[in-house]
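Please take these sequences and the hints and turn them into a complete structure.
There are 2 protein chains.
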Amino acid sequence: MKKKQALIAVNGELRGSKEEYRALFEQKDLTIIAVDGGLLLLEELDLFPHLILGDLDSLPQDKVEYYQEKGVEILPYPVEKDETDTELALDYCKRKAYTELFLIGARGGRIDQELANIFLLEYAWRQGLDLIIKEPGLEIGLINKNKKFYNHKDHYFSLVPLSERIQGVSLQGFQYPLADATLLRYKTRGISNKFVEASAEVIVDEGIALYIIQEKV
Amino acid sequence: MKKKQALIAVNGELRGSKEEYRALFEQKDLTIIAVDGGLLLLEELDLFPHLILGDLDSLPQDKVEYYQEKGVEILPYPVEKDETDTELALDYCKRKAYTELFLIGARGGRIDQELANIFLLEYAWRQGLDLIIKEPGLEIGLINKNKKFYNHKDHYFSLVPLSERIQGVSLQGFQYPLADATLLRYKTRGISNKFVEASAEVIVDEGIALYIIQEKV
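Going down the list, the sequences are from chains G and X.
The opening position of the first sequence corresponds to residue 1 in the numbering used here, with each subsequent residue numbered one higher.
The opening position of the second sequence corresponds to residue 1 in the numbering used here, with each subsequent residue numbered one higher.
Be aware that one or more of the hints could be misleading.
Note: identical chains are not told apart, hence a pair may lie in one copy or across any two.
[Said to hold, decoys possible] Think about it this way: if two alpha-carbon atoms lie no more than 27 angstroms apart in a straight line, the pair counts; the simulated BS3-like pairs of lysine-lysine are:
1) Lys145 to Lys81
2) Lys94 to Lys3
3) Lys3 to Lys18
4) Lys81 to Lys216
5) Lys148 to Lys63
6) Lys96 to Lys134
7) Lys2 to Lys194
8) Lys81 to Lys194
9) Lys216 to Lys2
10) Lys63 to Lys216
11) Lys96 to Lys153
12) Lys147 to Lys134
13) Lys145 to Lys18
14) Lys153 to Lys70
15) Lys81 to Lys147
16) Lys148 to Lys81
17) Lys194 to Lys4
18) Lys194 to Lys94
19) Lys153 to Lys81
20) Lys81 to Lys2
21) Lys94 to Lys145
22) Lys134 to Lys145
23) Lys194 to Lys3
24) Lys81 to Lys28
Because the hints were derived from the structure by calculation, they are not lab data.
This is the structure in structure tokens:
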């Protein structure tokens, strides 16, 4: 069965050209969700939203009305709430049975919000959602059990444990391979590896980790 | 007993003027440590290092020799190693009985290195070191048990659990106070609080969390 895919735009920085961003997603059949000020980022990319969601405190009222008149669904939330707008967007995607989610604009702006966006990868995973932070030359996702990667030769690869330790870690196809290793969250051993083969595999028997793929330094 | 303090400069971005950075540290009696390319950052701030440490692969050889001739201690490490240069700098500080450490240049550059720098707060804490990431308008540290804050009225405050959950969390002096609450790493509940009093207190009975104080948005 085909996965239901959504692109979620949040209020951070663009890290590449419009063409580069559009190339990342052109093969995909995406529902496009603007999270509050993420709408401005979509406008820069000439991407039209299907839904605008959040407390809308970063958007001028007339802009929201413009999209409402164009038939775009608006889902407002109160400003004072326990969740960030991005978390509410993930809850929406869960309710609507989207399973494969791409987050853009997750970086830049306040570092606490950037960290919150990155830690939401764990929230998504616990909800059964496959969420990836994506920008030109960068991908951040979550690994539990195993994951295969293709066509990333010479890109940087880092593994950052979120649980205090990850165990039974094996890395194949990398400059620094590992076999049945244990990595600790507070040590930096998984940082700055590199893909050396066209296909590579990561196995994590116990625990969860972020993976980060970077094309450029 | 007076704490032995060190300033550790790593190879990220400056996020403020020379004057702002120098004002942060002018009252302190600091040993200044350049971690590899962090030396260039110290040069921009007109701060002279006592020690240059790391694999030195980001520095021209003649620059290293210049400082060596000036009597600066050079501590080289191999390029291929399990630790990042910043982790090695913390190990050095532990050996030399420094206990209060300030990290500058921790942000910018590659996101995996930025995350590794932030997660090193936990490494430092486990070593009995008090490490703070510091730049004009920003402070990132680790909280376990309790911490008091003074003179941060109107600044943003975020609490980001590193352990899967933090329990017995109380916040006093903040816009959104908490009493004996539980926060989860993968939820965003601790993000975007604000100091509303001149003095504030955070208590975390169980678990560890990052705290982030930001002056500007």
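Hints versus structure:
no.: 1; hint: Lys145 to Lys81; verdict: between (34 angstroms within a copy, 26 angstroms between copies)
no.: 2; hint: Lys94 to Lys3; verdict: within (13 angstroms within a copy, 50 angstroms between copies)
no.: 3; hint: Lys3 to Lys18; verdict: within (25 angstroms within a copy, 51 angstroms between copies)
no.: 4; hint: Lys81 to Lys216; verdict: between (38 angstroms within a copy, 21 angstroms between copies)
no.: 5; hint: Lys148 to Lys63; verdict: neither (42 angstroms within a copy, 43 angstroms between copies)
no.: 6; hint: Lys96 to Lys134; verdict: within (22 angstroms within a copy, 42 angstroms between copies)
no.: 7; hint: Lys2 to Lys194; verdict: neither (32 angstroms within a copy, 44 angstroms between copies)
no.: 8; hint: Lys81 to Lys194; verdict: between (41 angstroms within a copy, 14 angstroms between copies)
no.: 9; hint: Lys216 to Lys2; verdict: neither (32 angstroms within a copy, 44 angstroms between copies)
no.: 10; hint: Lys63 to Lys216; verdict: between (36 angstroms within a copy, 26 angstroms between copies)
no.: 11; hint: Lys96 to Lys153; verdict: neither (36 angstroms within a copy, 41 angstroms between copies)
no.: 12; hint: Lys147 to Lys134; verdict: within (17 angstroms within a copy, 36 angstroms between copies)
no.: 13; hint: Lys145 to Lys18; verdict: neither (35 angstroms within a copy, 47 angstroms between copies)
no.: 14; hint: Lys153 to Lys70; verdict: neither (44 angstroms within a copy, 43 angstroms between copies)
no.: 15; hint: Lys81 to Lys147; verdict: between (35 angstroms within a copy, 25 angstroms between copies)
no.: 16; hint: Lys148 to Lys81; verdict: between (38 angstroms within a copy, 25 angstroms between copies)
no.: 17; hint: Lys194 to Lys4; verdict: neither (31 angstroms within a copy, 38 angstroms between copies)
no.: 18; hint: Lys194 to Lys94; verdict: neither (34 angstroms within a copy, 30 angstroms between copies)
no.: 19; hint: Lys153 to Lys81; verdict: between (43 angstroms within a copy, 21 angstroms between copies)
no.: 20; hint: Lys81 to Lys2; verdict: neither (34 angstroms within a copy, 43 angstroms between copies)
no.: 21; hint: Lys94 to Lys145; verdict: within (22 angstroms within a copy, 35 angstroms between copies)
no.: 22; hint: Lys134 to Lys145; verdict: within (21 angstroms within a copy, 36 angstroms between copies)
no.: 23; hint: Lys194 to Lys3; verdict: neither (30 angstroms within a copy, 40 angstroms between copies)
no.: 24; hint: Lys81 to Lys28; verdict: neither (33 angstroms within a copy, 40 angstroms between copies)
Of the numbered hints listed earlier, those contradicted by the structure are 5, 7, 9, 11, 13, 14, 17, 18, 20, 23, 24.
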